[in-house]
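Input sequences plus hints: build the corresponding full structure.
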Amino acid sequence: MTNKDYSNKIFKFILKFSAIVSFSILVLIFVVLLKHSYLAVKTFKLKFFIDTTWDPVFEKFGALPFVYGTLLTSFLALIISAPISISVALFLSEFANRRLKEFLGVIISLLAAIPSVIYGLVGIFVLAPLMREYISPGIQKIFGFLPFFQGSVYGLDYFTASIVLSIMITPTITSISTELFDAVSKSLREASLALGATKWEMIKISVLKTTKVGIIAALLLGLGRAIGETMAVTMVIGNVPNISLSLFSSGATLASVIANEFTEATGDLYLSSLYYIGLVLLLVTLALNLSSNILIKYLVKTK
Amino acid sequence: MKKIIKNAIAAVVILSNLIFAQKVVLINGAGATFPYPLYSKWFYEYSKIDKTVNFNYQSIGSGGGIRQILAQTVDFGASDAFLTEEQLKQAPAKILHIPTTAGAVVLTYNIPELKGKETLRLTPEIISKIYLGKIKKWNDKLIQTENPNVTLPDKNIVVARRSDGSGTTFIFTDYLCEISAEWKNRVGKGTSVNWPVGLGGKGNEGVAGIVKNTPYSMGYVEISYAIQNNLDYAIVKNKDGYYVKPTIESITAAIEDKAKNMPDDYRVSIVNAGGKNSYPISGFTWILAYQKQKDPVRGEKLVKFLKWALTDGQKYCAEIHYAPLPKNLVDKVLKTIETIEY
Amino acid sequence: MNRKLKDKIFQFFIYLSVSIVSFVLLFITGYVLYKGFSSINLDFFIRLPKPVGEKGGGMVNAIVGSFMIVGIASLFSIPLSILTGVYLSEYKNEKFANIVRSSLEILGAVPSIVIGVFVYGLVVYPMKRFSLLAGSIALSIIMIPLIARTTEEMLNMVPTTIKEAGLSLGIKNWKVIFYIILNTAKPGVLTGVLLSLARVFGETAPLLFTSFGNRFWHRSILDPAAALPLQIFVYAIAPYDDWNRQAWAGAFVLIVIVYILIIVSRRLVLKNK
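Residue numbers (this note's numbering), protein chains in the order written: chain A, 688 to 990; chain B, 23 to 364; chain C, 156 to 428.
In short, the hints are calculated from the structure, not lab data.
In this text, a Cβ means the ideal position worked out from N, Cα and C, and glycines have one as well.
The reader is advised that the hints may include incorrect statements.
So, partial list: chain B residues that the calculated Cβ filter (under 10 Å) puts toward chain A [to be verified]:
| no. | residue |
| --- | --- |
| 1 | 88 |
| 2 | 108 |
| 3 | 112 |
| 4 | 216 |
| 5 | 239 |
Cβ-Cβ distance ranges computed for the label pairs, FRET-style [unchecked claim]:
| no. | chain 1 | residue 1 | chain 2 | residue 2 | range |
| --- | --- | --- | --- | --- | --- |
| 6 | B | 283 | A | 825 | 53 to 61 Å |
| 7 | B | 32 | C | 174 | 19 to 27 Å |
| 8 | A | 974 | B | 139 | 52 to 60 Å |
| 9 | A | 746 | B | 135 | 39 to 47 Å |
| 10 | C | 325 | A | 784 | 47 to 55 Å |
This is the structure:
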């Protein structure tokens with residue numbers, strides 16, 4: 688054996704070892720979560736997601752209020768963010784010159800980099816009072832006949848949390864969408880323009896239609912991000928494990944209940960239930976990311 | 023580039039040595055937010071007296087204190103809810119409850135119309151009905167009758183309670199169980215309960231924050247939090263029909279009424295005390311420590327601190343509105359502290 | 156007419172969206188800088204926290220704590236992830252590489268609070284103490300997928316001609332990879348590192364149950380430690396005005412650090428192009 692073989696082999700071994708460590712972390716996460724949630728899983732099984740009682744005194748734990756809070760705020764955030772994010776992406780792709788694109792790119796990166804706790808801070812001291820004093824009562828005056836806008840307004844509620852989340856997921860959706868739109872071939876665009884389409888029609892036909900799958904993937908990623916978001920939501924959602932149609936009602940999410948109660952859960956079943964919620968959170972975000980990746984891979988394949 | 027990194031590492035090493043040069047022992051505790059203003063004052067003052075030890079206390083709620091001391095991830099816990107029989111059985115070794123002080127759980131409120139005017143008066147019935155969700159408005163007949171001199175606004179009561187495991191909740195729900203059979207059956211008492219109504223705040227700080235920032239809200243907090251944040255708090259009718267303002271004297275009166283026969287492990291509730299001067303929602307708070315300390319150095323320093331807290335430390339209680347422990351109780355507790363082995 | 160109107164409405168909406176996004180960023184940044192700047196004083200940077208309810212004091216232990224937690228996390232994660240990235244790029248066709256790549260994608264999608272729960276179960280509970288070390292482990296887990304994937308991508312972008320040239324000169328394979336290719340991709344890899352640093356500097360959730368917080372100095376990495384985002388959180392939800400002021404000051408420091416890291420990393424990307 689020459690020296691050359693040894694050093695290369697050692698190098699490869701080091702590389703492989705690092706990769707194994709990285710891979711093992713994921714496996715470990717599942718192992719630890721499964722181990723500690725086992726008690727709750729065994730006790731409640733799937734009923735966990737239908738029960739609405741979260742009662743540490745009588746040791747009855749049902750996660751439906753948190754599932755509801757998570758889904759409501761995340762989907763609402765998506766609904767608010769999607770049109771805006773996609774529009775910004777279209778602007779970057781179709782309208783902006785290079786300098787503007789660079790400048791907006793910086794803005795979006797910075798928006799993405801703002802820590803969650805700072806979003807929460809601004810949420811508590813700026814957005815919540817604004818919502819409580821002006822915006823929500825205003826909405827209630829116009830749309831108060833709908834059950835979604837009824838009830839007293841405290842400012843720390845589903846609505847405020849959804850707005851904060853929508854801001855936080857916008858950079859994710861925008862950056863992916865921009866890449867998608869940039870990838871649309873110039874000739875495809877020019878074809879529709881040559882046929883006399885307006886800019887909007889050109890975008891509708893040549894860009895949006897062809898990138899439909901990719902946009903869905905981007906939205907799924909945004910949704911995944913919203914579902915896992917913890918700090919900003921905990922700070923503005925009110926932390927009440929109930930279920931209410933009204934957006935002005937306080938609530939809780941899967942992530943916020945863990946943040947609030949994990950260090951304090953006395954009792955094995957209580958703690959195990961929180962691990963169970965962690966496991967669910969993990970699986971849901973994973974599912975969303977995997978679906979998104981599958982869609983993107985499908986996109987790449989069909990190109 | 024390399025030079026910058028080298029300089030940065032050198033700076034960090036020098037800085038670390040400066041910070042960590044002195045031999046300071048760090049003792050970690052966690053738990054109740056109820057006594058946190060007092061404890062943080064104690065730890066701050068004590069670090070000046072004994073420069074070789076720092077007490078790091080994280081105010082995460084009594085539930086957290088109980089949980090972390092049972093898991094032995096902290097050197098001591100703190101809780102205003104004493105451990106239940108099951109929890110004591112769960113413990114890997116004997117845990118002592120060291121009472122340090124007593125405080126009052128007050129009903130703090132934010133009614134703009136009442137600012138600077140007469141203090142709100144509440145009865146046990148009103149309090150329980152508000153927290154059961156049966157009284158929804160400030161100008162409800164029951165409340166208005168108790169407060170004839172003020173005009174209460176026609177606004178919904180925004181109820182605030184704890185979202186985390188709390189000894190303050192334990193004291194409050196203990197009281198509610200005593201004065202309301204419906205509460206006892208429907209909700210019960212504990213560090214964390216299934217609340218019929220209310221916004222959740224994290225810690226006493228969180229509830230005080232909600233009340234401070236939300237007009238027409240009401241919450242239950244340790245009196246120190248209400249006073250330090252300029253929040254109004256109610257006068258409560260006790261079981262003998264007297265309206266009592268939460269003060270050090272009325273807390274002490276409650277201790278005298280209900281803790282006359284103090285059990286040896288100090289696990290006693292002093293809510294719903296009787297007598298002319300007793301404030302009905304009072305409670306002790308305890309430091310939870312293992313009788314056999316694992317680490318001799320930490321154990322010794324912890325014992326020294328506890329002795330100081332029960333003696334010299336008590337002089338800091340009054341100015342932050344905690345009741346110092348009565349002398350005969352202090353003597354008894356000092357004897358218990360002597361039994362801690364390290 | 157209808158078509159032209161639709162076109163105009165559409166363009167209006169686009170400009171509106173861009174304005175909203177720009178405004179939101181500028182407002183949040185501006186507000187934090189403004190509130191933070193007016194809340195900051197020298198004490199903030201050199202003093203420890205004061206007892207509850209008393210005015211004054213600072214966050215020096217949280218600032219240093221954050222640097223130390225992130226620093227130690229980097230010691231774990233940077234070498235490990237760069238080597239993993241090299242592996243993924245060099246042996247990209249091996250089956251194991253595909254497994255690792257997928258698992259890193261999945262790891263990158265795990266919410267940070269779940270990572271906090273994981274590290275509590277894995278490290279804090281068995282060790283029976285909260286620690287700076289546990290916090291660092293949690294943060295390094297967040298950093299690994301980011302750095303590894305960026306490293307892989309950057310290495311893939313290095314033209315194969317460079318590698319062939321190196322090999323044809325008789326240089327050993329591992330030396331070619333390590334000294335030549337990695338060097339060429341250095342700006343890109345550094346970008347990945349800086350971005351991940353910016354990300355974890357601001358992370359709060361994973362530290363809630365690991366490094367836990369400290370009102371004083373941690374005396375070793377096995378002690379609980381204060382961290383900037385953690386302290387901001389505690390102070391923000393508290394009712395004390397002075398604590399709220401300090402939360403803004405902390406947010407100011409945090410956002411400045413994060414922004415600097417982001418802007419520097421973008422400069423590197425530009426240089427690379």
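- Item | Hints the structure fails to honour | 7
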